[in-house]
Amino acid sequence: MIPITLTVNGEKVTRHVEPRRHLIDFLRLDLGLTGSHAGCEHGVCGACTLRVNGKIMRGCLILAASLDGAEVVTIEGLSESGEVADLQAAFVARNAAQCGFCTPGMVMTAAELLAEGGSPTRGEIREYLSGNYCRCTGYQAIVDAVEDTLRSRGATP
Amino acid sequence: MKWPSMGYARAKSLAELWSALEAHGDAAQIIAGGQTLLATLAFRLSEPGTLIDITDIAELRGISSNGQVLRLGALTLHADLCRDPLVKAHAPLLAAAAPLIAHPAIRNRGTLGGSLAYADPAAELPACMVALDAKIIAASAKGERRIPAAAFFTDLLQTALAPREIITAVEIPLTGRLAAIEEITRRSGDYAMAGLAATLVLDAGRILAPRLVYFGVGKVPVFAAAAAKALEGRSLDRASISAAQQALADDLDPPHDLHGPPEMKRHLARVLTERVLLGFLNPKVQAA
Numbered sequence: 038m039i040p041i042t043l044t045v046n047g048e049k050v051t052r053h054v055e056p057r058r059h060l061i062d063f064l065r066l067d068l069g070l071t072g073s074h075a076g077c078e079h080g081v082c083g084a085c086t087l088r089v090n091g092k093i094m095r096g097c098l099i100l101a102a103s104l105d106g107a108e109v110v111t112i113e114g115l116s117e118s119g120e121v122a123d124l125q126a127a128f129v130a131r132n133a134a135q136c137g138f139c140t141p142g143m144v145m146t147a148a149e150l151l152a153e154g155g156s157p158t159r160g161e162i163r164e165y166l167s168g169n170y171c172r173c174t175g176y177q178a179i180v181d182a183v184e185d186t187l188r189s190r191g192a193t194p
Numbered sequence: 019m020k021w022p023s024m025g026y027a028r029a030k031s032l033a034e035l036w037s038a039l040e041a042h043g044d045a046a047q048i049i050a051g052g053q054t055l056l057a058t059l060a061f062r063l064s065e066p067g068t069l070i071d072i073t074d075i076a077e078l079r080g081i082s083s084n085g086q087v088l089r090l091g092a093l094t095l096h097a098d099l100c101r102d103p104l105v106k107a108h109a110p111l112l113a114a115a116a117p118l119i120a121h122p123a124i125r126n127r128g129t130l131g132g133s134l135a136y137a138d139p140a141a142e143l144p145a146c147m148v149a150l151d152a153k154i155i156a157a158s159a160k161g162e163r164r165i166p167a168a169a170f171f172t173d174l175l176q177t178a179l180a181p182r183e184i185i186t187a188v189e190i191p192l193t194g195r196l197a198a199i200e201e202i203t204r205r206s207g208d209y210a211m212a213g214l215a216a217t218l219v220l221d222a223g224r225i226l227a228p229r230l231v232y233f234g235v236g237k238v239p240v241f242a243a244a245a246a247k248a249l250e251g252r253s254l255d256r257a258s259i260s261a262a263q264q265a266l267a268d269d270l271d272p273p274h275d276l277h278g279p280p281e282m283k284r285h286l287a288r289v290l291t292e293r294v295l296l297g298f299l300n301p302k303v304q305a306a
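Residue numbers (my numbering), protein chains in the order written: chain W, 38 to 194; chain A, 19 to 306.
Keep in mind the hints are simulated off the structure, nothing from the lab.
The C-beta atom is built at its ideal place from N, Cα and C for all residues, glycine as well.
Possibly wrong hints are sitting among the right ones.
Each pair of labels, with its calculated beta carbon distance range [as the list claims (entries may be wrong)]:
no., chain 1, residue 1, chain 2, residue 2, range
1, A, D275, W, N132, 36 to 42 Å
2, W, Q135, A, R164, 51 to 57 Å
3, A, K20, W, A192, 40 to 46 Å
4, W, R163, A, K237, 31 to 37 Å
5, A, P22, W, Q177, 38 to 44 Å
6, A, L174, W, A130, 48 to 54 Å
7, W, L66, A, K237, 39 to 45 Å
8, A, G161, W, G106, 30 to 36 Å
9, A, R164, W, A192, 41 to 47 Å
10, W, N90, A, K106, 19 to 25 Å
11, W, L66, A, D275, 36 to 42 Å
12, A, D268, W, G137, 52 to 58 Å
Cross-link-like lysine-lysine pairs, in silico, DSS-like; alpha carbons within 30 Å at most [claimed, not checked]:
no., chain 1, residue 1, chain 2, residue 2
13, A, K20, A, K30
14, A, K247, A, K237
15, A, K160, A, K30
16, A, K30, W, K92
17, W, K92, A, K106
18, W, K49, A, K30
19, A, K20, W, K92
20, A, K20, W, K49
21, W, K92, W, K49
Excised from the complex, chain A in its bound form (with noise of 0.2 Å):
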């Protein structure tokens, strides 16, 4: 369906997109790459009234590290994820995790904060953020704050973000954890059936502080906080992932969906979990 009847302006500035989120009220929808908003709008999902563009605001952009933490503006592309130097350097979770977000046509022009700000319990960046405990910046006229990755996905499609309040960017603690990411799909490119993003410490072989982060199998990402304390202070062996395996029964409750029933997604949560913890014995895994 074409798309419905609404207006359009543009922001340079935050200045300017704080007074156009005032003079626009509820009618104001913002966009940066639209990759899944305009999608929705042709199924008539939501009819905004204005659409806010926020893709000229400079203060939106850049990839920066400080020595601490790797900064990435909202509007970094999934595609800037998959080949810019310093993620690849300090948040190789991220480098891996871009080429699964749909198709090069789409990685072009949909955004980082867009993707968290939509917050789809399938997709892999905002699972990706709570696994490296990521921070994600959010501001207002009122102001910036920092909301913990774990913290900012609320609900199926919700986010602690508050109303007129946007993602400016967010920070990546530079920890240099071990990190993967896996997923089962369908077809290449579609949201994920059930993916796994994982950080963790292997110090002598000894897992320390896992972040097992599960997605397309709840409203949030999920973290598994049982399969984490089945794996902390082991070594890295078929036993210790059989635990993690079997722990998850009380991490995950999965609901029914186009997919099949929650036993299926248990089932392919258990596989994602052997395939993430076996990669992490080969000697070619990379650090986060």
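Chain W on its own, in the form it takes in the complex (with noise of 0.2 Å):
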């Protein structure tokens, strides 16, 4: 078992680790924390996407262990912060969640392209959300909820 010491949504937490264990099954089942989703566990769907020391990674292909001194945020800490709220309304308004199994990581991954600034155009939202997965294949409403937030946040695609 390996020590690791991390802030998780602000929060510091230790814990000793599984050298086997992934940052997925850490949050969820060590920490509770059910907002990551686990999906194909291979770093392809997308679904567990979440923020590691600021930047967007695979929650999947990351060791707990490897995280000693990490800062992460998941999809409860990024909406608690408020910082994408306006997203999430899209998200509601723009029907963009259908089953939802999708929506913590495209959330986390649009907040990534939104904190960029910019003025990325439609297919560039979809480039960028090219490594989430929806199997509803609710998309066009996806890149709708992001446009809109673009847009009521100054950019002018």
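Make the complex out of the two chains shown on their own, each in a separate frame, by following the hints.
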């Protein structure tokens, strides 16, 4: 077991983890934070997308054991911070969540696109979200929601 | 599938890495960003005894230029290649290639050294290194050596690295050559069905020392010597491009893979050749 101390959604956490534990199982099973979803568990679907040290990453492709000293923000922390309250409202308004399984990862990824500033086109939004799969195939509404949020924040696509 | 049971250790310096590799012997597997390795563990394609994490080793970081070469540390992230000003200025080929790799969340953790060491023949960065005539700097407890990229990729997923030797950095000569990359994928972010990274000099419209390197069409990045010969010294136009496309028949021997038969790959390579070379006639092309 490897001892780690890290910050999760602003709170300091100390645990012992097995090397085979990935970050998503650590969050869901050890800390009870079930907002980050385990989908394909090999880096393809994007349902496990979260922030590590300020940048989005695949939680299923990160060893929990490697995160000593890291800062992790999950969808729970991002929601609580209010940073993407407008994006989340746009997801509701546009009916961009169907079954909802991909939604946390979609919001985490879109949050990074929003944080980068700039005025991405619809095509560029699609490209940015292309590593996040929605198996309800509700992409149109998801891109609409992101586009609405960009516009309301002053981007001029 | 969940990852197999394994050990984990962190090396904080190259000196610590050499002792860790010595201590764990053949059971040791180096991990950097892990964006390929950890996916292969989920498929149980390998079951390493102990992962040795090198991401804390400061000697493996950094992007710098000394006027002759651009040096990129092995831990340079794909995301760094997308936006670093030195990369943009001195190796725009890499700035153009990096956004083609996977997706933002992967590019924020995957590393240059990891991609080169894994040596996937359909990956962008190995082909770019050959096209740029880069040197791979390899180090072990015994010291350091420089390996030309063209000699580094030896076979499918195989490199010239010796056991217990790692990539510490790459050096890219600052030549000001023109460069471009194009690829064809089924979906954005996938490995290429076929791709082409190319560099050349255009001297008053004449092509000099072209390096056309195809990926996704063989066991390693393929330097197209016959196509280069067909272009050398000629003016860049439809006729010379067509000659290069024909010469590719001697350069490429693509395997049948899940994307389709060899002839489809040859066709894609010819299409890419035209796209890349015509692109050099566009005044907006950037220098390598």
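Hints, verified against the model:
| no. | hint | in the structure |
| --- | --- | --- |
| 1 | D275(A) <-> N132(W): 36 to 42 Å | holds, 40 Å |
| 2 | Q135(W) <-> R164(A): 51 to 57 Å | holds, 54 Å |
| 3 | K20(A) <-> A192(W): 40 to 46 Å | holds, 41 Å |
| 4 | R163(W) <-> K237(A): 31 to 37 Å | holds, 34 Å |
| 5 | P22(A) <-> Q177(W): 38 to 44 Å | holds, 40 Å |
| 6 | L174(A) <-> A130(W): 48 to 54 Å | holds, 50 Å |
| 7 | L66(W) <-> K237(A): 39 to 45 Å | holds, 41 Å |
| 8 | G161(A) <-> G106(W): 30 to 36 Å | holds, 32 Å |
| 9 | R164(A) <-> A192(W): 41 to 47 Å | holds, 46 Å |
| 10 | N90(W) <-> K106(A): 19 to 25 Å | holds, 23 Å |
| 11 | L66(W) <-> D275(A): 36 to 42 Å | holds, 38 Å |
| 12 | D268(A) <-> G137(W): 52 to 58 Å | holds, 55 Å |
| 13 | K20(A) <-> K30(A) | holds, 27 Å |
| 14 | K247(A) <-> K237(A) | holds, 22 Å |
| 15 | K160(A) <-> K30(A) | holds, 19 Å |
| 16 | K30(A) <-> K92(W) | holds, 23 Å |
| 17 | K92(W) <-> K106(A) | holds, 21 Å |
| 18 | K49(W) <-> K30(A) | holds, 23 Å |
| 19 | K20(A) <-> K92(W) | holds, 24 Å |
| 20 | K20(A) <-> K49(W) | holds, 26 Å |
| 21 | K92(W) <-> K49(W) | holds, 19 Å |
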